[in-house]
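Based on these hints, arrange chain B on the given structure of chain A.
Taken in sequence, the protein lines are chains A and B.
The opening position of the first sequence corresponds to residue 1 in full-length UniProt numbering, with each subsequent residue numbered one higher.
The opening position of the second sequence corresponds to residue 1 in full-length UniProt numbering, with each subsequent residue numbered one higher.
The set of hints was computed from the structure by calculation and includes no laboratory data.
Since the structure is predicted, the reported quantities are computational estimates derived from the model, not experimental observations.
Heads up, some of the hints might be wrong.
Derived lysine to aspartate or glutamate pairs resembling EDC-like cross-links, with alpha carbons at most 16 Å apart [to be verified]:
| # | chain 1 | residue 1 | chain 2 | residue 2 |
| --- | --- | --- | --- | --- |
| 1 | B | Lys-56 | B | Glu-41 |
| 2 | A | Lys-7 | A | Asp-366 |
| 3 | A | Lys-278 | B | Glu-226 |
| 4 | A | Lys-89 | A | Asp-111 |
| 5 | A | Lys-278 | B | Asp-260 |
| 6 | B | Lys-89 | B | Glu-103 |
Output of the computed footprint for chain A on chain B, the stretches with three or more beta carbons under 8 Å from beta carbons of chain A [unchecked claim]:
| # | region |
| --- | --- |
| 7 | 253-266 |
| 8 | 309-315 |
| 9 | 376-382 |
One-sided excerpt, in silico: chain B residues whose CB lies under 10 Å from chain A [to be verified]:
| # | residue |
| --- | --- |
| 10 | Asn-138 |
| 11 | Glu-139 |
| 12 | Gly-141 |
| 13 | Val-230 |
| 14 | Ala-456 |
| 15 | Thr-457 |
| 16 | Asp-458 |
| 17 | Leu-461 |
We put the CB at the ideal spot given by N, CA and C, even for glycine.
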Amino acid sequence: FRIMAGKVKWVTDIEKSVLINNFEKRGWIQVAENEDWNFYWMSVQTIRNVFSVETGYRLSDDQIVNHFPNHYELTRKDLMVKNIKRYRKELEKEGSPLAEKDENGKYIYLDFVPVTFMLPADYNLFVEEFRKNPSSTWIMKPCGKAQGKGIFLINKLSQIKKWSRDSKTSSFVSQSSKEAYVISLYINNPLLIGGKKFDLRLYVLVSTYRPLRCYMYKLGFCRFCTVKYTPSTSELDNMFVHLTNVAIQKHGDDYNHIHGGKWTVSNLRLYLESTRGKEVTNKLFDEIHWIIVQSLKAVAPVMNNDKHCFECYGYDIIIDDKLKPWLIEVNASPSLTSSTANDRILKYNLINDTLNIAVPNGEIPDCKWNKSPPKEVLGNYEVLYDEEMAQSDGSDRDLRGRSGQSTGVKGSRARDSGKPVLTTWK
Amino acid sequence: AMLDPDRGLSLTIARVVQRLQGSSLHSQLERQARVSLHKPEIKLESLKEDIKDFLKTSGWEKKLQNAVYSELNVFPSPCHPAAPPEHIKEPLAYMRKAQGSWEKRILKSLNSMCTELSIPLAQKRPVSEQKELLNKWNEMGTDEPDLSLFRPVYAPKDFLEVLMNLRNPNYENGEQPSFRNHLGLIQVPLKVKDIPELKEDFSELGLNIGQLGIDDSAQVPPEFFENEHVRVGQKVLAEQDSAAAQQYVRQGCPTALRADLWALILNISNQPEDILYYEQLKSNVIQHDLLVDSLIYKDVKLTASNDDYYFVFEDYLYQVLLCFSRDTSVLEHFTYSSATPPKSYIQGKLGMEEYAVFYPPNVNFNSFILSVAPLCFLYHEPSKLYQIFREMYVRFFFRLHSISSHPSGIVSLCLLFETLLQTHLPQLFYHLREIGAQPLRISFKWMVRAFSGYLATDQLLLLWDRILGYNSLEILAVLAAAVFAFRAVNLMEVTSLAAAEAVLADLSTLKVMPLLQIFLFATVT
Chain A
1 FRIMAGKVKW VTDIEKSVLI NNFEKRGWIQ VAENEDWNFY WMSVQTIRNV FSVETGYRLS
61 DDQIVNHFPN HYELTRKDLM VKNIKRYRKE LEKEGSPLAE KDENGKYIYL DFVPVTFMLP
121 ADYNLFVEEF RKNPSSTWIM KPCGKAQGKG IFLINKLSQI KKWSRDSKTS SFVSQSSKEA
181 YVISLYINNP LLIGGKKFDL RLYVLVSTYR PLRCYMYKLG FCRFCTVKYT PSTSELDNMF
241 VHLTNVAIQK HGDDYNHIHG GKWTVSNLRL YLESTRGKEV TNKLFDEIHW IIVQSLKAVA
301 PVMNNDKHCF ECYGYDIIID DKLKPWLIEV NASPSLTSST ANDRILKYNL INDTLNIAVP
361 NGEIPDCKWN KSPPKEVLGN YEVLYDEEMA QSDGSDRDLR GRSGQSTGVK GSRARDSGKP
421 VLTTWK
Chain B
1 AMLDPDRGLS LTIARVVQRL QGSSLHSQLE RQARVSLHKP EIKLESLKED IKDFLKTSGW
61 EKKLQNAVYS ELNVFPSPCH PAAPPEHIKE PLAYMRKAQG SWEKRILKSL NSMCTELSIP
121 LAQKRPVSEQ KELLNKWNEM GTDEPDLSLF RPVYAPKDFL EVLMNLRNPN YENGEQPSFR
181 NHLGLIQVPL KVKDIPELKE DFSELGLNIG QLGIDDSAQV PPEFFENEHV RVGQKVLAEQ
241 DSAAAQQYVR QGCPTALRAD LWALILNISN QPEDILYYEQ LKSNVIQHDL LVDSLIYKDV
301 KLTASNDDYY FVFEDYLYQV LLCFSRDTSV LEHFTYSSAT PPKSYIQGKL GMEEYAVFYP
361 PNVNFNSFIL SVAPLCFLYH EPSKLYQIFR EMYVRFFFRL HSISSHPSGI VSLCLLFETL
421 LQTHLPQLFY HLREIGAQPL RISFKWMVRA FSGYLATDQL LLLWDRILGY NSLEILAVLA
481 AAVFAFRAVN LMEVTSLAAA EAVLADLSTL KVMPLLQIFL FATVT
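Only chain A is shown next, with the shape it has when bound in the complex (with noise of 0.2 Å):
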């Protein structure tokens, strides 16, 4: 009896076998969500409910969960961007030098995503935009799907001409999640590899938004388009028509490419040191980790800080040709679902590490302990930023130390929340 009463009992709405495999070997005991249990991997729409006002659900000190109750506020593209707007013109507010502009009056260490508007509300502001480089190319995404249903690219005013009409009647019109989208300036000067354009997925684990913790995982990957990538306008349906029929096809797991195929981070890293050198290549990931832990400081203060929660994020993040990485989107429920032997592999270790660190010791969970795990479970995640351990001792903690051929950072970087050193991009 005793024996089993230190077993933890998990629950999933998820039926994958990365997460199902790992909760058996550590011996975890399946029960339903009726039953009393201690961890539930859930899908965000199960967490809606779960946190909802009207449930009145009330999680005991012994209970987990891998999501935050209002996660969309990071992971919807509309609040994502308006929390980082938000975030911004407070720190200009208070005269923070992370603020600081340029002459064009662009930010210059927070200008990581790509213009955006949410539509129709800010249309009149978009066109405005529009007007200043009418031969730029947007992007159309809406606001509450996944998966890249309904994604689109405009280059003319009159491709949108809808959400012109619903700007302009009155305040009737509901705008309900469903309706609104957003509209980004496309990156149209990817980065390209062997003539291929690619993206990022990087995971990040967040176990606790104040003070903020968060994790990075080293082994993200480059999704490839094997479609060649062209700008030219005549494409743009061509492109619409590849990036929705991938939408369709690919089991729900990212928007705008056929898979080519996928490279480590590691090689990437390879080959941009080869062929750009070693400085601007660590510069570019130094970048990388920076604008991922300033979104989540974005949106740590509007973040139900729930201490029965962590969460593990996919960042999708594109990198131009000029070695500026922007943010595209963060999911919450990065993909499970496995595409090759290799791909099983990776997801099946990322899960473990992430429980290795959610769930110390693979014990029954106290939610009220401290969330800091020792060195030795972290597996494949480094310290990505360290909010406590930053403000403690000044110096910085996360990223320190190299990794040889892996991912990591070489050499200490000072990034608290005070004055950055940010003395590669000055």
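Below, chain B alone, put in the same frame as chain A:
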């Protein structure tokens, strides 16, 4: 008769001079000398010395040095002046004969494919097709031509069979393999080095010497070795000294410096005329269609497209290989290769030299492809990528595809591998032999591809650093033996060839330099 060293030296000098005389470097030097006449420091009374000094300070002398160094590296030392050209290609008659038969076989196979498919070996492309190809030059990978009827010309194991059947007719070959009690597959008496000799040759890989691939790992602070090594590398590049670069890379190249260091060693500078030459090759590809092209296509689709690392560069591979098969300047290296390329002419232009195309002989296209792909990690400008590959081919990789007695030739590498294994891991060797898993059957494909497609890219590049540094492919055989040594415990437990293959199927996690170092310097001999 032995060649008198002085005679040998003057022959060498004469040959190098002759080769450089027509080169673009020569005309550049002349031009520089002429330009320098306008300079105030050049005085009529001391014209010769002043020009020489000028060439020295402006770096042109160094360029000349690098060119000479390159010639010496690539071309073998001359033998007796009375030696016929075949001897320069390959001194051993029976090897020449075997290479000749092998080539005939390949040509026969190509010709019969042509007849079967009613496709000529070479033909001019119709204009519309030329336009189409030009348009999709950068994305040939998106094509899906019907290649089902094209067979690969040969597989590595076919080539291995040929090598296994090589015999020196001057040796008594009874029922039992006799020389040196050699129990491996290769049965020709070539001289190969033993570990003491290899230790001397590869002394820079010793335990007390810093290496990239070992001493730059996470646990080692960069102050110990890495920082200084990078500094020295930058200096070598600043000096633009080929010989110094070749010595330097024996300890490995820092990733950021590798592309430039390799180019320096291979003496590739990507001059305008080089770019022009590449464009010319490209236009040859557009204008003429070769049977070999389809074979290349098929092989790229089969190999690189499925590779975890190389799939990204599929399009570059087509560009490089299609151009290569039309590059007659590669023919030069055949004076020192045992191979003689089959030559063909564009349909209807028989005998007209400007319409000649040659077939890279003994090309296992598979290996070819895999030897280009890693270079894509270093060079993304097509004409430079092309030149680097061509130079790597004519210096090193061609030896993996032709039958010769050269110490870096595939035959010697196989024998070196087998000898190392039999001498230093006899138990393992006998065990594998007993269960029908002759080690060479497994390691052959690694060596014939210079390990490309088997090692992780960063490890492969560290290995190729040493190929360049030591100007030899012997390290491939040493690594192959080191891999067997590393997995010896598991291999001792297998009972079939298939099981042995399985133990050695995945080399992607191996760290090359520690394996080499341990095998050479930390194993009791």
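The hints, checked one at a time:
no.	hint	verdict
1	B:Lys-56 - B:Glu-41	13 Å, holds
2	A:Lys-7 - A:Asp-366	13 Å, holds
3	A:Lys-278 - B:Glu-226	13 Å, holds
4	A:Lys-89 - A:Asp-111	12 Å, holds
5	A:Lys-278 - B:Asp-260	14 Å, holds
6	B:Lys-89 - B:Glu-103	15 Å, holds
7	253-266	holds (count 5)
8	309-315	holds (count 6)
9	376-382	holds (count 5)
10	Asn-138	6 Å, holds
11	Glu-139	4 Å, holds
12	Gly-141	8 Å, holds
13	Val-230	9 Å, holds
14	Ala-456	8 Å, holds
15	Thr-457	6 Å, holds
16	Asp-458	5 Å, holds
17	Leu-461	8 Å, holds
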